[in-house]
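Starting from the given sequences, assemble the full structure and let the hints guide the process.
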Amino acid sequence: MKHLQYIIIFLISISSFCQTKISGIVTDKKNTPLAGVNIYLEGTYDGASTNEKGEFYFETTEKNTQTLIASMMSYETHYEMGDVSYLKGLKIILREAINELTGVTLTAGTFEAGGTSKASVLKPLDIVTTAGAAGDFVAALQTLPGTSTVNESGRLFVRGGTAGETQIFVDGLRVFQPFLATGNNIPTRGRLSPFLFKGISFSTGGYSAEYGQALSSVLQLNTTDLPDEEKTDLGIMSVGGNLGHTKIWGNKSLSVNTSYLNLAPYESLIPSNQGVSWNKPYESISGEAVYRSNYDKGIFKLYTGFSKSDLDIDQEDINYEDFINFKNKNSNLYFNASYKHFYDKEWTLYTGASVSVDKNDIGIITNTIENKETASHTKIKLKKSFTNRFSLNFGAEHFISDFSETFKDASNFSFDTGYTDNLTATFAETDIFFSNKFALKLGARAEYSSLLNNVTLSPRVTVAHKNNEHSQFSFAYGDFYQNPSRDYLKFDAGLKPQKTSHYILNYQSIKNKKTFRIEAYYKDYKSLVKYNTELPVFDAEYTNFGKGYATGLDIFWRDNKSIKNLDYWASYSYLDTKRNDRNFRESATPNFAAKHNLSLVTKYFIEDLRSQVGVSYNYASGRPYDNPNTPEFFAEKTKSYNNLSFNWAYLITQQKILFLSINNIASINNINGYQYANTPDATGNFNRRTIRPTADSFFFVGFFWTISKNKTTNQLDNL
Amino acid sequence: MKKVTLILAFLIANITLAQDQYTKGMQKAFELWGNGNTSEAANLFERIATAEPDNWLPYYYVAQINTIISFGEKDQEKLTKQLGKAQEYTDLAKAISKDNPEILIQQALVHTAWVAFDGATYGMTLSAKVNALYKKAIEIAPDNPRAIFSKAEWDMGTAQFFGQDVTPYCKDVERSIPLFDTYTSDIPFYPKWGKERAQMIAENCKE
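Chains as they are written, first to last, in my numbering: chain A, 1 to 719; chain B, 720 to 926.
Take the hints with a grain of salt, since some may be wrong.
[Claimed, not checked] Here are the in silico distance ranges between beta carbons for each label pair:
no., chain 1, residue 1, chain 2, residue 2, range
1, A, N388, B, D905, 39 to 47 angstroms
2, A, H341, B, K797, 30 to 38 angstroms
3, B, K854, A, T32, 45 to 53 angstroms
4, A, K384, B, E807, 19 to 27 angstroms
5, A, G82, B, D739, 24 to 32 angstroms
[What the hints assert, rightly or not] What the simulated footprint calls covered on chain B by chain A, stretch by stretch (three residues with Cβ under 8 angstroms from a Cβ of chain A suffice, anywhere in the stretch; the number is not a length):
no., stretch
6, 767–781
7, 840–853
What the hints contain is simulated information worked out from the structure, not anything from laboratory work. Note that beta-carbon positions come from the ideal geometry of N, C-alpha and C, so glycine has one too.
Rendered as C-alpha cells:
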C-alpha cells in the first residue's frame with residue numbers, strides 16, 4: 001500500500017514531464033505570414049518564434065486550460081484560451097495596432113510645439129530662438145499660418161478674428177489676463193515666461209469640446225511635470241534682468257523666476273519718438289513660481305504668477321493740439337492648481353482651479369478709470385480609454401467673473417459700472433480609431449451663462465483619413481460661442497453670446513523631415529455685438545444683430561534636412577473676411593485683417609562659431625481703414641508691412657550665452673493706420689495723422705548664465 | 720518519515736527544475752543573442768519575463784536589446800516601435816526593482832538613442848534627463864563601471880558638440896576599466912557589458 005502511494009506520487013510527478021505539441025500559423029489580415037511573432041503559454045517558459053512562413057511549433061509540459069499569447073510589435077497582442085491538447089494547427093490573425101506616431105492623427109486646425117507628437121511642427125527651441133520674437137512665445141506663434149500681423153497689438157489675431165477671440169489655457173485652465181497691460185499703439189507681450197512650459201498646442205479652429213468661450217482659437221500651454229535638475233539661471237539684459245532657481249526634493253520640486261524690466265536706460269539711449277514721448281518708460285516687476293509634487297499615481301501642480309507694471313506716456317492725437325497723457329498702473333495675481341490621478345482600468349481624473357485678480361489704475365488726461373476683475377475657473381474631467389481604439393473624455397467646468405469699474409473726471413463726476421457672471425459648462429467627447437487610416441472625433445459642449453440667462457449647445461466633429469504612408473486629409477466642423485466682451489457687458493447685460501461655425505479642410509504631408517500643410521476654412525459669424533455710437537458708451541444701444549464671415553487658405557512648409565545646419569519654415573495665409581459688427585454702417589473688412597500674410601523664418605547653426613544665427617522676414621499686405629473724406633466705407637488700405645529681423649545666440653561656454661537681436665534691421669517705416677479728426681476743417685476736409693510704431697527698430701542684448709552641478713545645461717530655451 | 724523525505728525530494732526536484740528552466744532559458748537567450756539572432760533572443764527574454772514577474776533581469780534584457788538595435792536606425796517608424804518597446808520594458812523593470820543603477824543606466828541609454836536619432840527635437844528635453852539619471856546612478860553605486868563609463872561617453876559627445884576638450888572624460892573612462900573586473904554581483908546574469916567598449920574608447924583617447 002505504501003509502495004503504491006509512492007508509485008502514484010512518482011507517476012504524477014513524471015506525468016508532468018509529458019510533452020504536448022503546440023503548433024500553428026500566424027498571418028496578418030491580408031493573409032501575409034508574419035515572421036518573428038512571439039508565441040507562448042502565459043506564465044510558462046514554453047514558447048517559440050514564428051519562422052519566415054509564419055509557422056510556429058513548440059512542446060509543453062503544461063496541462064488543462066492555458067492561455068496562448070501571440071505578440072509582435074505594431075500588432076495587437078492576441079490571446080487564445082483553451083485546453084493545451086486543442087492548441088494544434090492554429091490559425092492566428094493579428095490585427096494592426098493603432099500607432100500614435102505613424103497612424104492617422106486628429107490634427108485639423110492644430111499646431112503643436114514642444115511635444116514629440118506628430119502634430120508638432122515647432123520644436124521647443126523654436127519658440128524662443130525665432131528672430132523678431134525676442135523671447136515672447138506669442139510672437140513666435142505669429143509666424144504660423146492663420147495669424148495676421150497686427151504690429152501695434154502684439155496679441156494673436158486668428159483667421160479674421162479679433163484678439164479677444166483667442167483664449168489661453170495653462171494645464172487646461174483659463175488664463176484671464178495673459179498679456180501685459182500697455183497703452184494704445186504699444187505692442188504687448190505674453191505675461192507667461194516660456195521656459196516653464198514643456199508643450200504648446202495652438203489651434204486655429206475646430207478645436208475640442210473641452211474648450212469654450214473662444215470664437216477663433218485656443219492656445220494650450222502645459223507646465224513641466226518634473227524638472228530634471230537643480231539650477232540657478234541668471235540673465236542680464238539691456239532692458240532689465242532675471243533670476244531663477246529650481247530646487248528638487250525627491251518627488252517634489254519648486255521653480256521660481258523673477259524678472260525686472262525697465263525701459264528707461266534704453267529710452268535714454270535710443271528714444272522712441274514717433275508720436276510719443278515717455279514720462280515714465282515701461283517698468284515692471286514680476287515673479288512666477290511652480291510647485292510640483294509627483295505621487296505614485298498622480299501629479300499635483302501649482303502655478304503662481306504675480307506682476308506689477310507702471311507706465312506714463314504722452315501720445316499724439318489729431319483731435320488735440322497737445323499730446324494726450326496716458327498712464328497705467330497694473331497689478332495682476334494669478335493662481336493655477338491642478339491634480340491628475342491615474343486610476344486602474346485606464347481611467348484618468350483631472351481636476352483643477354485657477355483664480356486671477358487684476359487691477360488697473362488708468363489716467364487719461366484728467367480722467368481716471370479704476371477697474372478690478374476677479375475671475376475663477378474650476379474644472380473636473382474624466383478620461384477612459386476602453387481600448388487604444390476608443391476613448392471617452394467628459395467633464396464639467398464653472399467660470400465666475402466679477403468686474404467693477406469707476407470712471408471719474410476732473411470735476412469729480414463719477415460713474416460706476418460692472419457685472420458678475422456665473423458660467424457653467426459640460427462637455428463630452430470621444431475618439432474612435434477605426435484603423436491606422438481612419439479616425440473620428442465626436443464631441444458636444446453645453447454652456448449656461450447666468451448673466452445672459454442663455455443656454456448654448458455646440459457640436460464638434462473631426463474626421464481624418466490617411467491616404468498614404470506620409471500624408472492625410474482631415475475635416476473639422478464645430479460651433480463656438482463666446483460671451484460679448486466686458487466693454488459691452490458692463491453697460492448692457494441683455495446681450496446674447498456671439499457665435500461662429502468653423503468648416504476646415506486640411507491636408508498634411510510629413511516626409512523626410514519636411515512638413516507641408518495646407519488648410520482651407522470657412523467661418524460664419526453670427527450674433528456679433530453692434531452699437532450705435534462712436535465708442536461703446538453707457539447710453540449706446542447694443543444689439544446682437546452683427547454678422548460676418550472669414551474664409552481663406554493657410555499654407556505651411558518646413559524643411560530642416562535639405563541644407564545642412566539650416567532649418568527654415570515658411571507660412572502663407574490668404575484671408576478674405578467681412579464683418580458688420582460694432583458701429584460699422586455696412587459690411588467691411590476690419591482694420592486688423594490683412595489679405596496676405598507671409599512669414600519666413602530661418603535658423604542657421606555655425607558649428608565653428610558655436611552660434612545660431614536667425615533671420616526672419618514678415619510681410620503683410622495693407623490693412624483697411626476708413627477715410628471719412630470718401631463716401632465708401634473702409635475702402636482704403638495702408639501700404640504693406642515689412643519686417644526683417646535678425647538674432648544671434650553665441651555659446652561662450654555651455655552655460656554662458658550671449659544673445660543679440662535686432663527687430664526691423666532695415667528700419668523700414670511701417671504704418672499701423674491713420675487717425676482722422678472727429679470734425680472737418682474749414683474746407684470741409686477731415687485731417688488725418690499717420691499712426692506709426694513708437695520706434696521703427698528695437699535692439700536687444702542679453703547675457704545668460706546657468707549655474708548647475710553638471711555643466712551642460714543652459715538657457716538657450718529661455719531666449 | 721521516509722514518506723516525508725521522499726515527498727520533499729520530489730518537491731525539491733520540481734523546484735530545481737524550475738530554477739534550471741530559468742537558467743537554461745537565460746543561457747539559451749544569451750546564446751541566441753551571441754549568434755546575432757536578436758529578435759529570437761528578445762522574444763525568449765520576453766517569455767522568461769512574463770513567467771518571472773518578480774525578476775527584473777529578463778525585462779532589463781528585452782529593453783537592452785531593443786535599445787542597442789535602435790542606435791543607427793534611420794527609419795523613424797521602426798525606431799519609434801523599438802524604443803517604445805525598450806521604454807515599456809524599462810518601466811516594468813523599474814517597477815520591480817526601484818532605484819537600481821543598472822536600470823537607471825538602461826533608461827539613460829533609451830533617451831540617448833532618441834537624442835542620437837534627432838538631436839534638434841530631443842536634445843533639449845532629454846539631455847537634462849540623461850544627466851540626472853547618470854548622476855543618480857553614480858550616487859547609488861559610485862563604483863559601477865557602466866555608470867562611470869556611460870556617463871563619460873555621454874559627456875564626451877556633448878563636449879565634442881560644443882568643441883571642448885574631452886580629456887577629463889578620458890580619465891573617467893580609464894578609471895572605469897579595472898572596475899569592470901572588481902564590480903561583480905552574486906545575482907546570476909547580472910549585467911556585465913561595457914569593458915570592451917570602454918577599452919576601445921580609451922584607445923581612441925590616446926590617439
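Hints and how they fare:
no.: 1; hint: A:N388 with B:D905: 39 to 47 angstroms; result: 41 angstroms, holds
no.: 2; hint: A:H341 with B:K797: 30 to 38 angstroms; result: 35 angstroms, holds
no.: 3; hint: B:K854 with A:T32: 45 to 53 angstroms; result: 47 angstroms, holds
no.: 4; hint: A:K384 with B:E807: 19 to 27 angstroms; result: 21 angstroms, holds
no.: 5; hint: A:G82 with B:D739: 24 to 32 angstroms; result: 28 angstroms, holds
no.: 6; hint: 767–781; result: holds (count 3)
no.: 7; hint: 840–853; result: holds (count 9)
When held up to the earlier numbered hints, the structure conflicts with none and fits them all.
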